[in-house]
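Residue strings, one per chain:
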Amino acid sequence: MTKHPHSGKVAIVGAAHTDAIGKLPGHSRLMIHAEAARNALADAGLSLKDVDGVFSAVATPNEISEYMNITPRYVDGTSVGGCSYILMVQHAVAAIMGGYCDVALIIHGESGRSWIDMEVAGTPQSPGGQFEDPFGTVGAASTYALPVLRHFHEFGTTKYQMSHIPAATREWALLNPMAMMHEKGPITPDDVMASRKVCYPLNLLDCCLVADGGGALVLTSAERAKDLPRKPVHVLGSGEATAHRSVGMMRDFTTSDSTVISGRQAFAFADMTPADIDHLMLYDAFSPTPMYFLEDLGFVPKGEVGPWLADTRNGDDGRTVYRTGPGGDLPMNTNGGGLSFGHSGRYGMFAMLEAVYQLRGDAGARQLDGINASLVHGPGRQFAAAATLILGRG
Amino acid sequence: MIENYTGKLPKPSPETQPFWDGAMKERLVLPKCDDCGGWTYYPRPFCMHCFSKNVRWTEASGKGKLHTFAINYLPVKGFEDIGPAVIAVVELDEGPRMITNIETGGEPDPETLPIDAPVEITFRHVAEGIKLPWFRLAG
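Residue numbers (this note's numbering), protein chains in the order written: chain A, 1 to 394; chain B, 1 to 139.
Excised from the complex, chain A in its bound form (with noise of 0.2 Å):
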């Protein structure tokens, strides 16, 4: 196999979060889509001038190009939920690989927890509105709850197997001082269990935080990135797809089709195997959500991801290593995931910010060492659509 065309020519030359992520009762959606933006090209070396591509989803790119007073001559405005940013990297390369852009700025901001200017999406006549919405579907864990059972029953996995999920992340959150639960101290599979009922068979624990906040990134060529003051961070494989919209419309409840379409695709523009992938940010909405994507990604057979990550082991100090959190042979969700880190609603984001600072080196207490490649995957609603991305150093 060859490598795509595009692989390595396009890089992350800017990243960042908003300044704080949580409750922000004094920013609107608006205004952290411009914090974001604001902080991502200072870590560029940029100005706004420079930013000829916009792409954004919880704001349309008609009102990011109002609000921040610009006329972007490329846009893009796909919104197909949380990975929507992820894709967006895939587009953005595209576009400046094709001369339709050369500075690609990609914002993510929302008001996910004080929801200020936040819209409520669906209408009664839709198909979800007739056909899952009348059924007690309030929440999103209601949704991702829905599949889980049907993996248990194919493959064996337990509740218990799946607990450890949230407490390997909790792991690396305590080494993040950004992360939501960085000062929570850890959690045990078993506390993941004793914890409230939200939806079965979900716990509070195996559920995301509600945050407010943003982030974006810069990219442009690899040849420009060469003049730019970061360390340039290269996309090196990325994929996308989607399988329908209501969870209710899975194929196959134990596999996220548009997961495994999207996955095989990006290490096949990358020309790349699992086993060349060193870190992985497996966008953590709910604990489920990572569980499927270990196996439909390739880096777990299929059926085995529960005892797999059940497979801990004490560390020298007398803690447990998880097989995923720090000191684990495949490191996932570093800088605390959704479930302990922050999610605003649409994370993907986030898991390819935390993606950029590892390759970089930035990434504090929690940088791992020696590593080349990162993989980032997320869902759109409840495995409907999915994105892949591999990134390198540079």
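Any given hint could turn out to be false.
Stated by the list, open to error - With beta-carbon atoms standing in for the labels, derived distance ranges:
1) B:95 / A:303: 19 to 29 Å
2) B:2 / A:100: 52 to 62 Å
3) A:3 / B:50: 33 to 43 Å
To be verified - 30 Å max Cα-Cα, derived DSSO-like pairs, lysine-lysine:
4) B:77 / A:159
5) B:77 / A:23
6) A:197 / B:77
7) B:8 / A:197
Because the hints were derived from the structure by calculation, they are not lab data. All C-beta atoms, glycine included, are put in the ideal place defined by N, C-alpha and C.
Could you slot chain B onto chain A? The hints should help.
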């Protein structure tokens, strides 16, 4: 009919009106394809399997299997008299799967809801012109 139902109500659209009219008569009526024989849910004016327009509204058996489920412990409007909502995916004997609710007649216990258990349709009359298709374990 439940008086002053507080839950979310569907609003039929042109391509789904016969489904909701059927539900009012406590019949599960779905598009069935004259070309490939496949059944479509949710209703569309074509076959979801082969995209043929030759579909005909046909009564399904109302029988199926409990494919997967979740129990929502968050407060849900419209379920005040029921308790935690058992949100389920039922696989109809005719093939399609639908999101629905399982009537358990009391506090739901996951141990009493085996995956792949046979289920049968029942209807919950929630508003003028709207009966929601629910299921219960087959007796």
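Quick rundown of the hints versus the structure:
no. : hint                     : in the structure
1   : B:95 / A:303: 19 to 29 Å : holds (24 Å)
2   : B:2 / A:100: 52 to 62 Å  : holds (55 Å)
3   : A:3 / B:50: 33 to 43 Å   : holds (37 Å)
4   : B:77 / A:159             : holds (28 Å)
5   : B:77 / A:23              : holds (27 Å)
6   : A:197 / B:77             : holds (18 Å)
7   : B:8 / A:197              : holds (23 Å)
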